[in-house]
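Chains as they are written, first to last, in the working numbering: chain A, 203 to 549; chain B, 203 to 549.
These aren't lab readings, by the way, just hints derived from the structure by calculation. Keep in mind that a hint or two might mislead.
Here are the computed distance ranges between Cβ atoms for each label pair [claimed, not checked]:
1) Phe-446(B) x Lys-291(A): 49 to 57 angstroms
2) Arg-368(B) x Arg-329(A): 41 to 49 angstroms
3) His-385(B) x Ser-228(A): 42 to 50 angstroms
4) Lys-260(A) x Asn-377(B): 47 to 55 angstroms
5) Asn-377(B) x Gln-259(A): 28 to 36 angstroms
Rough simulated footprint, nothing fancy, chain B against chain A, three-plus residues with beta-carbon under 8 angstroms [claimed, not checked]:
6) 270-284
7) 327-335
8) 481-487
This structure is a prediction, so every number in the text was calculated from the model and none was measured. We put the CB at the ideal spot given by N, CA and C, even for glycine.
Protein chains: 2
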Amino acid sequence: MAWVFIQKETGNGIGRELLTHLSQTSNRYHLFKYPALHAVARIESSLLAGARRYFYQKGFTEITIPHITRATGACENISTMFEVDFFGKRRYLAQTGQLYLEVLTQYLEKVFAIGPSFRAEPSADSRHLVEFTLIEIEFRGGFEELLNHIEGTIASMVDEVLMRNRADLEYLAINSSRLKLSHPFKRITYSEAVEILADKGVRWGDDLKSDHERYLVKHFGDQPLFVTHYPKKIKFFNMRENAFDQTVVNSADLLLPYSGEAVGAAEREFDHAKLTKRLLESTMFNLLREKGGSLEDFDWYLNFYKEYQGTLHSGCGIGLNRVTQFVLGLDDIRQCTVWPMNIESDS
Amino acid sequence: MAWVFIQKETGNGIGRELLTHLSQTSNRYHLFKYPALHAVARIESSLLAGARRYFYQKGFTEITIPHITRATGACENISTMFEVDFFGKRRYLAQTGQLYLEVLTQYLEKVFAIGPSFRAEPSADSRHLVEFTLIEIEFRGGFEELLNHIEGTIASMVDEVLMRNRADLEYLAINSSRLKLSHPFKRITYSEAVEILADKGVRWGDDLKSDHERYLVKHFGDQPLFVTHYPKKIKFFNMRENAFDQTVVNSADLLLPYSGEAVGAAEREFDHAKLTKRLLESTMFNLLREKGGSLEDFDWYLNFYKEYQGTLHSGCGIGLNRVTQFVLGLDDIRQCTVWPMNIESDS
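The following block holds chain A by itself, in its conformation from the complex:
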């Protein structure tokens, strides 16, 4: 075995330097020989195991969700959906299983799904993949429980790595003390975030860019940071309005060091009339209409809330690779998985 871990004075081992090779997405098979990639693979595997361990402990049921969907598989951005010819009908590769999980909370209470999420991102960079693993949960319950579940899941993921991957962490020169998370995670509202970012030109109603997210995380001591209650206008149509301020929704983004937004979460609206109204007003729906879509694309979902009773439920999507970025301390998401997929991928 030619690869031996040597702790350098800087605290960076051989493995860490090898990670820089892993930005390459074409001819990926050339990189499989690097032990740094093997360590990344084992860490990614543990992160998934840690998430599931939490879900099983809490009584979540794993659901097999569809990945060829109508527009109900879209997140916010219809324009980055891959299209599939489904026996003569237009379908999309799912970006999220959220709506498919949501309707089941009514009966199964707590559900989760882990699988690929597809985004037709036309440029290769260090932040975006065209296919990545999304960890999604939905459950009957509200905002506080939601934030607890997210915190519990992230903690369980990181703990699994600390338990199982000591050698890999050392080989990659990762300071484990950085992974000791302080609980509960710090929370600020979107409005508070905007105040902090005011001298960076951020105004209320703007979406936060990744360097804003990074600034906020640094500002609060390089620990996981919840930013809650975003403006309704810039968020997904079914995020539930706040009862006291209807310009914001009961949402939470979890920002992590290195990756920024790693989790998007919210209480979900379940009133049929409100859902229909919010959908029709949404930017997403206008984009869908421009592409020839209509309200019919959301038929099954809207009909469910018309025909069956809805109850308060909440959920989130956790971008696995964003958590891996945090654990590995890497700015480049392509270094955080075995087969990172972007426009340059040729396998």
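With chain A held as given, fit chain B onto it using these hints.
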């Protein structure tokens, strides 16, 4: 709660009768109210948990594999691949991650992936889905170890259900004694199977049809049955030739009661020249060529075995829903998952 389990004299409870509703794939959301579907969901979840429990125990690493692939994501049948326009290039929705996992066994020894497999099956029936969950493992090692891993995985899946889903099994009137598997699983060779099926018109070299598989399983006492050493000509190009009889490969299909073929498995060829030759001669490759494909589609995979050393490795794909069929005792695969996907699916 209106649904109460009533054990009838026939051994069939209310839940079992409700299962018949679950063949419906259009307007699927109408079925979510049925407690029989909730029981199926929980059982499916346990089967997945059981498979992973086995993989973790045996030291397998979970790999995130790509689902938008070149022809290297094809199983035997190129003609049932969904095409995706990948930024102007032709790509497919993966039917298998096998080749993507195989190359990693060289370094990570034992790997697995669980995710969607896509087949553009143009007709709706009780045996085929256009999207289903495939459980795949690849590891360094040979035939005996392969059969042991399959047996261990299936046993762990079923055990998890027996452990966690007693109430669901009772509600669905499933006789648990049927799920007590006798170990080791019975094995016959393909040639022995053909002898047994001779008076059904089966000749050596024919593929076995689902009613043949069902007959064999019945013949051997309605227990899991391995059929090994299929003719090379009708199997995937990289299945490894048998050293003593080069007309057959070191393959194994696991047949289960109710579902028939639930697992396809084999030792894998790793010699570059042989792989290239076998690929060029394969039916799959001829179909690919007719569709405008070429050897270039297999570039990364073939180059890997040209440029890096290969070693003996083996693996299998387990169709989750086929195992669910066995557990539930159902002939119809559409009744065995929450969101069965076929040409009629409209969500």
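With respect to the beta-carbon atoms only, verify the hint that Asn-377(B) and Gln-259(A) lie 28 to 36 angstroms apart.
At roughly 31 angstroms between Cβ atoms, Gln-259(A) and Asn-377(B) fall inside 28 to 36 angstroms, so the hint holds.
Coverage assertion for the region 481-487 of chain A with respect to chain B, Cβ distance below 8 angstroms, three residues required
Per the Cβ count (0), the hint is violated.
Range first: 42 to 50 angstroms. Now tell me if the beta carbons of His-385(B) and Ser-228(A) are that far apart.
46 angstroms, holds
I want to verify a distance hint. Is the separation of the beta carbons of Lys-260(A) and Asn-377(B) within 47 to 55 angstroms?
31 angstroms, violated
How does the Cβ-Cβ distance of Phe-446(B) and Lys-291(A) compare with 49 to 57 angstroms: does it lie in that range?
Hint holds: Cβ distance 51 angstroms, inside 49 to 57 angstroms.
CB-CB spacing for Arg-329(A) and Arg-368(B) relative to the 41 to 49 angstroms hint:
With a Cβ separation near 47 angstroms, Arg-368(B) and Arg-329(A) satisfy 41 to 49 angstroms, so the hint holds.
Please verify the coverage claim for the region 327-335 of chain A: does it have three or more residues whose C-beta sits within 8 angstroms of some C-beta in chain B?
As far as the region 327-335 of chain A goes, the hint holds, because 4 residues have Cβ atoms under 8 angstroms from chain B.
Can you tell me if the region 270-284 of chain A counts as covered by chain B, using C-beta to C-beta distances under 8 angstroms and a minimum of three residues?
Holds, because 5 residues of the region 270-284 of chain A bring their Cβ atoms closer than 8 angstroms to Cβ atoms of chain B.
Checked against the numbered hints listed earlier, the structure breaks hints 4 and 8; every other hint is satisfied.
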